[in-house]
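Chemist: What follows is the residue order along each chain.
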Amino acid sequence: MSERHIRGGLSKTTAALIALPLALLMLVAFVWPLVGFVSTSVLDPAPTLAHYEKLFTSALYMRVLASTVVTAFVVTVAALVLGYPIAILMSRLRGPAAWIVTTCVLVPLWTPVLVRTYAWIIILQRQGIVNDALISLGMIGRPLTMLYTTGAVVVAMTQVLMPFMILPIQSSLRSIPKELPQAAHGLGASHFRVFANVTWPLSLPGVMAGCLMVFIIALGFYITPAILGGPRAQTISTLISQQAFELLNWPFASAISVVLLVLTLGIAAVFRRMLRVEGMSLHA
Amino acid sequence: MRSSAGTRAFRLVFAICCALILVYMILPTLLVFPISVGGDSYIRFPPRNLSLQWYRAYFEDPEWRSATFFSLKIAALTAISSTVIGTAASLAMARGDFPGRRLLAGLVLAPLVTPHVVLALALYFHFAPLGLVGTTFGFVVAHSVLAVPYVVLMTSAALAGVDPSLEMAALNLGASRWRVVREVTLPLIAPGIAAGALFAFLTSFDETVISFFISGVDHKTITRKIFEDVDFNLTPVIAAVSVVFVVVTIALMVVANMVSRGVKRA
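Residue numbers (this note's numbering), protein chains in the order written: chain A, 1 to 284; chain B, 285 to 550.
Derived by calculation from the structure, the hints in this document are not laboratory data.
The structure presented is a predicted model; accordingly, all values stated were derived computationally and were not measured.
Treat the hints with caution; some may be incorrect.
[Unchecked claim] Stretches of chain B that chain A covers, calculated by requiring three or more beta carbons in the stretch to come under 8 Å of a beta carbon on chain A:
1. 309-318
2. 380-388
[To be verified] Covered by chain A, per the in silico footprint, the following chain B stretches (three or more residues, Cβ under 8 Å):
3. 293-306
4. 363-373
5. 418-432
6. 483-493
7. 501-515
8. 527-536
Where is the CB? At the ideal position from N, CA and C, for every residue including glycine.
Isolated chain B (complex conformation):
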């Protein structure tokens, strides 16, 4: 390829611009790390004295602790419920036919493009008279609606990759339909199910808007607690919480991505 002085100058400018844009993208994530180990009583950048006081404050504060455990509990229950419901429906849609199949396939993706603030108000409006606001059950139902599209997307993709002749062979050898599902289909789409479950867990754990509106006084998620503190009590303890939050999210995302790449290769 030709490489004139003009091209080289253009490349240099392009590289500098890209570097600046990448710094803009990554800076907010990196920033919480130094802030969280600051030794001052307020947010200072760069921090002067290093200390782990904000991590201690986080782990020793009963409110932060219970919010963290509550979020983990909701996320785990949401992952279980949406994985079971979503996988079963994907099987039905990929391997069977029933009235309203196309409608359901379209409807299940709608929560992905529905503004969360509208859905949050609708759920609050709907849950309040039923006494479901601030309850574990209410949270799991609400978060399952947001998480189940990811499960359906992942398991449908995995099902599309399963060679039908394998299922046919098992049927021809005399296995019942249920046995084919249990012993052939489900093991083959296991990576897709696992990836779906991880995305479901993270969707619930990171969910902020609906949690903000349907949290009760006693049952707060970690996102609701961060949201409140950002508004009223901006201390570096949020940075320490954020670091824990970011590390957990990124670790699970890396695992989920590795698993889902396995789905595409299969």
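Next up, chain A with everything else stripped away, as it sits in the complex:
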């Protein structure tokens, strides 16, 4: 307290006063709406757990929950497998090549998710680029149905979320002192052993941060599944919006939201030390 005072600190009253607008904003537009919305799941029409019972006893809804978690997991693994080599490239290259790779990672991150999802429709639809190419190469006779499948959602979502995997991993890789892999090489270790015993373990903080980030965003992702998934590839978030706006079953939508909130905020709270959120725009 006295140290703050010396450092040109603000008095308790002044500090409280200028922090008040933020506290009010968070209260009025975040805490209160969420609490109000969430409480309908147990209070509407009377105190009840019926909405949760309906959710957890229905095979259909449980399948949607499970497939959302599986999709998020697959997307996370795919983003890690595809993103790790790019992170290595980013951390090692210099000059124009480094500039090209960095552009390829940042430009998608800065392209609105909506625009990228629109592009995936053009790529995957029946008269889309992939089908046209495969037909003209004679590999298939009739166009394949790719849009409105879980596969389409996974392909597009992995592309959308990959920068969140690559950026933390490359910052971990950059912080590894160059002497360490060199020393391992000098002592006769093969490239594979240097990677397995030096580079990979030292990059784990970045890998963990990236995986957590991608998994959390993927669980609650709405735009891409809503546009590319269609009715056959429902996720928790499209189920929530369908229950609220199409079926007007707000208490049930609220109960599903609670499950989604517990999953995402729970994971974020448990692993908060490993998450790095700085400078990232989620657009989810």
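Use these hints to put chain B onto chain A, whose structure you have.
Modeler: Just chain B, lined up with the frame of chain A:
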């Protein structure tokens, strides 16, 4: 370093894989450019005849125009409100103490990991009885919640980089606390404030899910309009809109990144 045939082959394979992955990442962004200058009446790739008809269609359509202006207005107001609120709170948290300081510091980051669809429904549920759905005020409040974490992150980082002895010197020379804030602290963290404001603007401009749910019939954001057209009316005009959207976003992001790199160096 040793370089056997095996290593060289491995490097070649690694380079090809990386090139393919990079194409996969960048392709969707690049794709909207050729589609937007197509001369046919439907989406065709590669386009046969070049034309600017879809750009004309975008700029001449009153619905697209008003959606664009509405989005710009909301984004500007959100940038102003969240920058003022966020910067003031960062100052309070970095240079003062008050009850609930830690709680507020944690709470302000929560919107970053809250699924937008849940927040969107909660806001709709909360705003509808108050008549705030589809209003400028409702949008600015909702978007400020999403934008203010970025402002707080950027300005807190900038404040952490300010040498306390500068503020102390000004105080010792007899300046009032308020004058120190105004004439020493704020000018020193100006790059952080600017970067925060740009991120706030973009957060609002690109925001889709909440805008989709709280848009009214008259007041639509550009993201809501794209979302509707992607579902019902898939024409190349969306590609033209997307190009404008992407160019604006990337230009602002490049500026914001340059400014925020200045914060880290300072």
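Chemist: Now, for every hint given, state plainly whether the structure supports it.
Modeler: For each hint, the structure was consulted:
1. 309-318: holds (count 7)
2. 380-388: The restraint on the stretch 380-388 of chain B holds, since 7 of its residues have a Cβ under 8 Å from chain A and three suffice.
3. 293-306: holds (count 6)
4. 363-373: holds (count 5)
5. 418-432: holds (count 5)
6. 483-493: holds (count 7)
7. 501-515: Our answer is that it holds, as 5 residues pass the Cβ test (under 8 Å) against chain A, meeting three.
8. 527-536: n = 4 at 8 Å, threshold three: holds.
Of the hints listed earlier, there is not a single one the structure fails to meet.
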